[in-house]
Structure formats: structure tokens, C-alpha cells
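A.B. asks: Quick mapping for you: the protein sequence lines, in order, are chains E and S. Using the UniProt record's numbering, the letters of the first sequence correspond one by one to residues 1 to 229. Using the UniProt record's numbering, the letters of the second sequence correspond one by one to residues 1 to 342.
A few of these clues could be false.
Stated by the list, open to error - Taking beta-carbon pairs under 8 Å as the criterion, some of the chain E residues facing chain S (in silico): (1) P32; (2) T36; (3) L40; (4) M42; (5) G51; (6) Q56; (7) I78; (8) Y84.
Simulated from the structure, these hints should not be mistaken for laboratory data. Cβ coordinates follow ideal geometry from the N, Cα and C atoms, glycine included.
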Amino acid sequence: MPTLLALDASSTACSCALIRNRQIVQRFEIAPREHTRLLLPMIDEVLAEVGVSLTQLDAVVYGHGPGSFTGLRIAAGIAQGLAYGADLPLIGVSTLEALALAAHRKWHARHVIAALDARMEEIYVGAYHCHDGALSVALDPRVLPPSRLRLPDTDRDIEWLGIGSGWQLLSNIPVDVQAALPQTLPDELPAAEDLVRLAATSWERGARGSAPHEVIPVYLRDEVAWRKA
Amino acid sequence: MRVLGIETSCDETGVALYDTDAGLLADALYSQVALHAEFGGVVPELASRDHTRKLLPLVDQVLADAQLAKQDLDAIAYTAGPGLVGALMVGACTAHGMARALDIPVLGVHHMEGHLLAPMLEETAPAFPFVALLVSGGHTQLVDVRGLGDYRLLGESVDDAAGEAFDKVAKMLELPYPGGPQVAALAERGRSERFRFPRPMTDRPGLDFSFSGLKTHTLTTLRQLHEQDAFDDQAQADVARAFEDAVVDTLIIKCRRALKESGRTRLVVAGGVSANRRLRETLDIALTKLGARAFYPRGRFCTDNGAMIAYAGAQRLIAGQHSQTLQPRPRWPLAELTPPGC
Numbered sequence: 001m002p003t004l005l006a007l008d009a010s011s012t013a014c015s016c017a018l019i020r021n022r023q024i025v026q027r028f029e030i031a032p033r034e035h036t037r038l039l040l041p042m043i044d045e046v047l048a049e050v051g052v053s054l055t056q057l058d059a060v061v062y063g064h065g066p067g068s069f070t071g072l073r074i075a076a077g078i079a080q081g082l083a084y085g086a087d088l089p090l091i092g093v094s095t096l097e098a099l100a101l102a103a104h105r106k107w108h109a110r111h112v113i114a115a116l117d118a119r120m121e122e123i124y125v126g127a128y129h130c131h132d133g134a135l136s137v138a139l140d141p142r143v144l145p146p147s148r149l150r151l152p153d154t155d156r157d158i159e160w161l162g163i164g165s166g167w168q169l170l171s172n173i174p175v176d177v178q179a180a181l182p183q184t185l186p187d188e189l190p191a192a193e194d195l196v197r198l199a200a201t202s203w204e205r206g207a208r209g210s211a212p213h214e215v216i217p218v219y220l221r222d223e224v225a226w227r228k229a
Numbered sequence: 001m002r003v004l005g006i007e008t009s010c011d012e013t014g015v016a017l018y019d020t021d022a023g024l025l026a027d028a029l030y031s032q033v034a035l036h037a038e039f040g041g042v043v044p045e046l047a048s049r050d051h052t053r054k055l056l057p058l059v060d061q062v063l064a065d066a067q068l069a070k071q072d073l074d075a076i077a078y079t080a081g082p083g084l085v086g087a088l089m090v091g092a093c094t095a096h097g098m099a100r101a102l103d104i105p106v107l108g109v110h111h112m113e114g115h116l117l118a119p120m121l122e123e124t125a126p127a128f129p130f131v132a133l134l135v136s137g138g139h140t141q142l143v144d145v146r147g148l149g150d151y152r153l154l155g156e157s158v159d160d161a162a163g164e165a166f167d168k169v170a171k172m173l174e175l176p177y178p179g180g181p182q183v184a185a186l187a188e189r190g191r192s193e194r195f196r197f198p199r200p201m202t203d204r205p206g207l208d209f210s211f212s213g214l215k216t217h218t219l220t221t222l223r224q225l226h227e228q229d230a231f232d233d234q235a236q237a238d239v240a241r242a243f244e245d246a247v248v249d250t251l252i253i254k255c256r257r258a259l260k261e262s263g264r265t266r267l268v269v270a271g272g273v274s275a276n277r278r279l280r281e282t283l284d285i286a287l288t289k290l291g292a293r294a295f296y297p298r299g300r301f302c303t304d305n306g307a308m309i310a311y312a313g314a315q316r317l318i319a320g321q322h323s324q325t326l327q328p329r330p331r332w333p334l335a336e337l338t339p340p341g342c
């Protein structure tokens, strides 16, 4: 089992978690615009609590998105700097997968649609089947208006759990999707403890991360500037 | 002390390595000009995204050029502000992360302090005290520099920065982005006697600048030329020349005034517009008459670069200053700075 440090700043929350010998220590705080100030002390705290130094880590992990563009770059910058300075590989983990895993762990959901408010009347969304702490992708992450959300093309009788801030836009979602979603958890935010669990699971299957500069944020929305007519 | 300098305040990713004993060891720059050209200006979100991709490869490059390992670094300096908040964030976060991993001090540097100390990287470096003219796309300021961190603002632009006026006039002249240097190149073919543009705010005391009216005057002149069907290649060059002459003259009048009022004999000129050839030539002649001398950074250190940040940071880091918290300052007045230890 690897020793991994994970950071997340993708939402109004920021968090840091460390996994070692399957034990997880986490700091989590909802603090908009305070992420840069809070993250480094959080890292120091979890390292001190577990009693490891950066050089004892196997890799650094961060929530690579989707989420707040600035937040993604805060986590990416700190994680890239840490990994580069300590000669460690870097692993990027989806914030939508982190939410899906949280739904599976805490609410025992088997089928999860994770959605984040993407502003501009759109959501970032991905769907996952969850089994024994592992996820498989049912709908690849994408950005779209809630009205265009379709259920993954699987068994029609599946009940899905909705998690993430995107479900605050529930009223714009097609009725057949709503009908398949008896429960939504719109207040849940991505947390580093789920990132670190997902990264540890992939690590055990042989994934080893990449050079720090190669692990850049996954924004999903790439149309961010408009050419002059 | 070997200091890594990181600059990401706008659309250039700059990294350099400065040694307080051996001087500048290496520097590298990635310019995003081509990325923003099709939008006609810097798109902050695209700039931030590009810094994230380019910064670490540039750090690798300067370390390789200097034949050093990252473990040979003694400290890291980065631009903490002023600048685009998202762009600043990338440099600040990466610098703090790296410094934490390497267990070395880190310091957030003021971008304009970097510019005004840039001529210190040259063989003939100015001694303190001096007057600095900081002239770029974002700033037009005259500063009395008594020593490191001891700055008094003498005057500044009340509206557009000089470089901003150059870029806007370039658009009026339908020159490609970024237009400042293109206006200067076009002015080379222009005749100085055809038009005479106003020298704003030179007819009254004070050291402030205004370039907004000059911009409007340029637009009016161009409209008249079009109305009279007199706009051709020569007229375009003549307008560029008249505009450049007016900016250069205005800057020189204020610089002379600032030197006289402060009693200084050294003038540092830094920032993107300090690369302007006509400004340098005319200023050198004007200052010689005053018994004063101008100091400039080499061409590539006039615009944003990592070397000036490494240098400025090193001066403060060696005095024991460093940053405890990670907090970019997109708005940060230069006059708020203090000498290290104060």
C-alpha cells in the first residue's frame, strides 16, 4: 500500500489528506478565497500527524478537475512544486470520481452521477458504477447545460444517486433523469480523502503517476476566449 | 546564495538562476505572444493555463544550462504582484510547493522592483541613489530610489500607460498585435516635420503623465487623413513618427524635471518601452547636457523576465527576508515596499 499525499482546491472547500498503511488523515475546510493561505499549513499538519516527511511519500496527488479554474491551478501549482522538488511522481485524480466514491462510501450508492456547477448555466458531469470501493465509468466527464443531460445508456431500471453542487440546478434537468434519481446530495464537496483513496487503488493496480509538469488540470471547458469578429 | 527567479505576472513565463557571488547563471523565457495574438490582447485565463504547462520545463532548462541540480538552490523568488491574479497564482503556488519540498526560503517579489533593479544585472550598473522611469504596457512611473526598498513615487500616468498607448495606436494603424514595437518600426520611415502632436501635461509643473489625450489626437488625425483621402503608407508612417516623438519628448521632459528636482545624476529606464531605440538615443543626448546618465537593462530584460525577479529576490533573501504565507498581490503599490529588515 503506497504512502500518498493529496490536495484539493477545486471548490469552495480545500483539503489535504495523507494515506499510509491504509490509514487516512485529513484536513478539510470550507473557506472560499482562503485556499492559498490554508493549504501549505494543512500539508505540514498531516505530515506531522502521521510522522512522515515528503521524501517518504511515493507520490503526490491532486484533484485535477473539473472545478474552479483558479482552484485547480492552486492545487496543481503546489502539487507540481512539491512533487518536482521532492523528485516524486504526480497523480491527477478526477474531482467527479472523488464525489462518486464519497457517495459509495458514505451512502452505499452503487450508481452515481456526480455533477458540479460549471457556471454559465452548465454543469460538469460524469456517471460511475461503484463496487467494493472501485469505480467504473458509465458516462465520461463532460460539460453541458443541465437540460441536455441524458442517463448513461445502461439498464433502464437502475436507480442513480446524484452528488455535487450541479444538483442545485435540478429543476433544469429532464424529467426522465429526475425520475431515475430518487436522491441527490447537492451540498457535498470533493475531498482529498477520496482522491487519496482512488489514487491508492490505482497504485495497487500498477499506475505510478507521471512527471509533475505533465499532470495539468482537466478543465473540461476549453472555450474560454472569443476571437474578435 | 543561488536564487531561482520565477516570473508569471502576465503573458511571459520567465525563469532564471542568479548567484550573489557569480552573477546571472542562466535565464529562460517562454512568451505567449502568439497565443494571445488572435484575440488582440492578453486573455487572462489562457495566460494562466499556459504558465501551468510551461513553468517546470523552464525550471529544468535553466538548471540544465547552469549545470546544477535543484538541490543546489538556496532560495526561490517569485513575482507576487502586481499583475493578473490567476497568472501570479501559478508562479506563487509552484514556488511555495518547491521551496517546501527543498526546505529552502521563498520570497514574493514586487514585479516593478524587479524592473527597476534590472539594470543592476549589466556590467555598468548604476549606484544608489537614482531616479527610475518605469515605462511599460502597465505602468508609467517616476520613482526616486534611495536604496533597496526605499522608494518614493514622484509621478505616474493618470490614465493610460505609455506602452498601452503604443499598443492602442498600433490598433488604430491596423498593425499586428502586440503593436508597440511595430509602431516604433513604422516610425523609422516616418517624417517628424509633417505632424506635431501635443506633449501632454508638460506645460504645467509636476511629474504626472497622461497619454489618453494623445491617443485621441492620433485617432482624430487619422480620421482627417481618411476624410481627405490622404491616408497612404507614408501618412501612416508619419502618424506613427509624430506619436512616437510626442511620447518620447514627454517622457524626457519629465525625466529631466525629476532629475533636477531630486538632484540625482543617474536615471534608470526599465520596462518594455525602455527598449525603444528613439527614446534611448534622445534621452542619452538630453541627459548628457544635464551632466546626468541613463542606465538601461539589456534588450531582453526590458520586458518581463525571470532574471530581474531572481536578482531583486536575492538582494532581499540574502538580508534574511522571506515569505511565510502564500498570497499573491494583484494590486500592490510600489511605495508600500520597505528595505529588508524594516
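A.B. asks: The structure should be examined with respect to each hint, and the outcome stated for every one.
C.D. replies: Results for each hint:
At about 14 Å, the closest approach between the beta carbon of P32(E) and any beta carbon in chain S exceeds 8 Å, and the interface hint on this residue is violated. For T36(E), the shortest C-beta to C-beta distance to chain S is roughly 5 Å, which falls under 8 Å, so the interface hint holds. Annotation: L40(E) was flagged as interfacial toward chain S, and the flag holds, the nearest CB pair being 6 Å apart, inside 8 Å. For M42(E), the suggested interface contact is broken, since its CB lies about 12 Å from the closest CB of chain S, more than 8 Å.
About 17 Å separates the beta-carbon of G51(E) from the nearest beta-carbon of chain S, more than 8 Å, and the hint is not met. The restraint placing Q56(E) at the interface with chain S is violated, with a minimum CB-CB distance near 12 Å, outside the 8 Å limit. The interface hint given for I78(E) holds, since its Cβ lies 4 Å from the closest Cβ of chain S, which is under the 8 Å cut-off. This hint holds: Y84(E) has a C-beta 6 Å from the nearest C-beta of chain S, less than the 8 Å allowed.
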